[in-house]
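Here the protein sequences line up with chains A and B, keeping their order. Note that this note's numbering has the first sequence beginning at 926, numbered continuously upward. Note that this note's numbering has the second sequence beginning at 926, numbered continuously upward.
A hint or two may mislead.
If several chains are the same, the list does not tell them apart, and a pair holds so long as it fits within one copy or across any two.
Derived SDA-like pairs (lysine to any residue); straight-line CA-CA distance at most 25 Å [to be verified]:
| hint | residue 1 | residue 2 |
| --- | --- | --- |
| 1 | Lys1037 | Glu957 |
| 2 | Lys1212 | Ala1055 |
| 3 | Lys1034 | Gln951 |
| 4 | Lys1218 | Pro1093 |
| 5 | Lys994 | Tyr1136 |
| 6 | Lys1033 | Leu1190 |
| 7 | Lys1033 | Arg1053 |
| 8 | Lys1123 | Val949 |
| 9 | Lys1123 | Ser1163 |
| 10 | Lys1034 | Pro1237 |
| 11 | Lys1033 | Asn956 |
| 12 | Lys1212 | Thr1019 |
| 13 | Lys1212 | Glu990 |
| 14 | Lys1214 | Asp1038 |
| 15 | Lys1033 | Leu954 |
| 16 | Lys941 | Asn956 |
No lab work stands behind these hints: they were computed from the structure. If you're wondering where the values come from, they're calculated on a predicted model, not measured in any experiment.
2 protein chains.
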Amino acid sequence: MLPTRDELLRVHERIKPFIHFTPVLQSSLLNEITGANVFFKCENFQKMGAFKMRGAMNAILQLSEEEKKAGVVTHSSGNFGQAVALAARNAGVTAYIVMPANAPSVKKKAVKDYGGLVTECESTLKARVAESERIQREHGATPLHPSNQIEVILGNATAAMELLSEHPDLDFVFTPIGGGGLVAGTALATHYFGTNCKTIGGEPYEADDAYRSLQSGKIESNITTNTIADGLRTELGSVNFPIIKALVPEIIRVTEEEIVQALRLIWERMKIIVEPSCAVPFAALLKEKDRFKGNDIGIIISGGNVDLSNLPFAK
Amino acid sequence: MLPTRDELLRVHERIKPFIHFTPVLQSSLLNEITGANVFFKCENFQKMGAFKMRGAMNAILQLSEEEKKAGVVTHSSGNFGQAVALAARNAGVTAYIVMPANAPSVKKKAVKDYGGLVTECESTLKARVAESERIQREHGATPLHPSNQIEVILGNATAAMELLSEHPDLDFVFTPIGGGGLVAGTALATHYFGTNCKTIGGEPYEADDAYRSLQSGKIESNITTNTIADGLRTELGSVNFPIIKALVPEIIRVTEEEIVQALRLIWERMKIIVEPSCAVPFAALLKEKDRFKGNDIGIIISGGNVDLSNLPFAK
């Protein structure tokens, strides 16, 4: 029932001309601190600043010519809205991005700069879904989901595929878990392209739906979403959960303090700008470092779009 | 009278085992904005976070066995102190680092973490020189200068040598100008390893001693040093100025506002953490972009050691 190895290879070929093969960085100091050999796959250097570009690009490129003519629609105030706008522009497709009227103007501007048509609505999920459905009806636009759509998941998988093509003997790849699209794609990649490589998820205690879902065997909801890792407040879906259940052996939860500490280490020691969400898998490794000592570990640095005016590094 | 091409090659061979061959990054957006093809040589990813590691390493490795036994001394509260401490540790040499007692404790800690022996003194240049001379007398330690010493300049040259080894057809390499050690080394590298490649300096109006020195033909002093680019408040010296005069055709000055704007562009668009000093050459390119349109341009990103609690990105 899983997508095949060949499907993954075809997806990478399809999106390659439109994405960066992002660099992998290492830090001797962070290796020392963790006792592991850590390879950071820098999707913060990806086009539009996040891995979401991969899934959006794949979802749009595999549309029929007719579907392409009618455009695509998504509701997202985050990276996925920007990714769909840019991926659609690359493919000559119209992108309707539904955003709450009260979304930060800088985020609306980013979508517009990438050529997306922003439609504003109220800030509730209900209003966003309604507006998205209106656009589907009126324009025939195809809806795209940020994490619970197989084409998006397969696109996301290509980050870990690239990482494994350069470092085929990794023991583990750590990713953050939000909506589940990145961890599911990564798990497919490690399954097919690793040599006994497992995918481990990192999740905030404050938004631990995936941890509890893996425990109970069914999709659970978040109880709180009070986390600095704003990209991880979403929940698993029916498409990615079966993949996660089959291929992700473990999810490690971390506190907000552990996230900020890991974030600061990455900024200060690696000199790269990463979103708080990216620090979650590294925080998970730090927390359980005794268990992973001596291993070769990949970490997907998922994105780097942060508001520099509002950083958690107070004096 | 210039050092030779062979000398530069020998220096690179000598320090290679102790430094990173740092990555070169590009940004399609910054290429669009400048109209040039810009290659950022990321010395912020260098060991201890700055190009200074190269010069310090070379200066220490070329000491005699006897000199190595007696140790080295420098007075610096910035990157060079840290670089000497780490380079000395790599070579099994004792490093005495003279720092003002009122230097930030985080900087003293960094030097100590790299194994340097910190000696505190008053915050005046006179006190620092006196303390350094006492250590030379008492321990026989060799003094190292952050910018006005030929071994340091030759070590610094290796950053541009690596850049040109990957991109041999660059038209220009831009560097910041502080004490003159980086721009002089870079100018030697472009002279010997470029194909008609020139080195251009970027300097703050608020610390424009080098610009005025090039105009007058003799070493001038800074009138103000009121710049955010704290690495560039120092002045040229008798060893690097003749090289600069011979090989650097132009220095472009920029305002504080231009520096902060360029800094923000690099952070936001390239997702890398760079010191304000690094933004100066990029600000210079932005300012004069019409003249450099269509050219292949290298920029030495000199370092990434910033205080995250004190950033110039206010709301």
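*Numbers of the earlier hints that this structure fails to satisfy, in rising order*: 2, 5, 12 and 13
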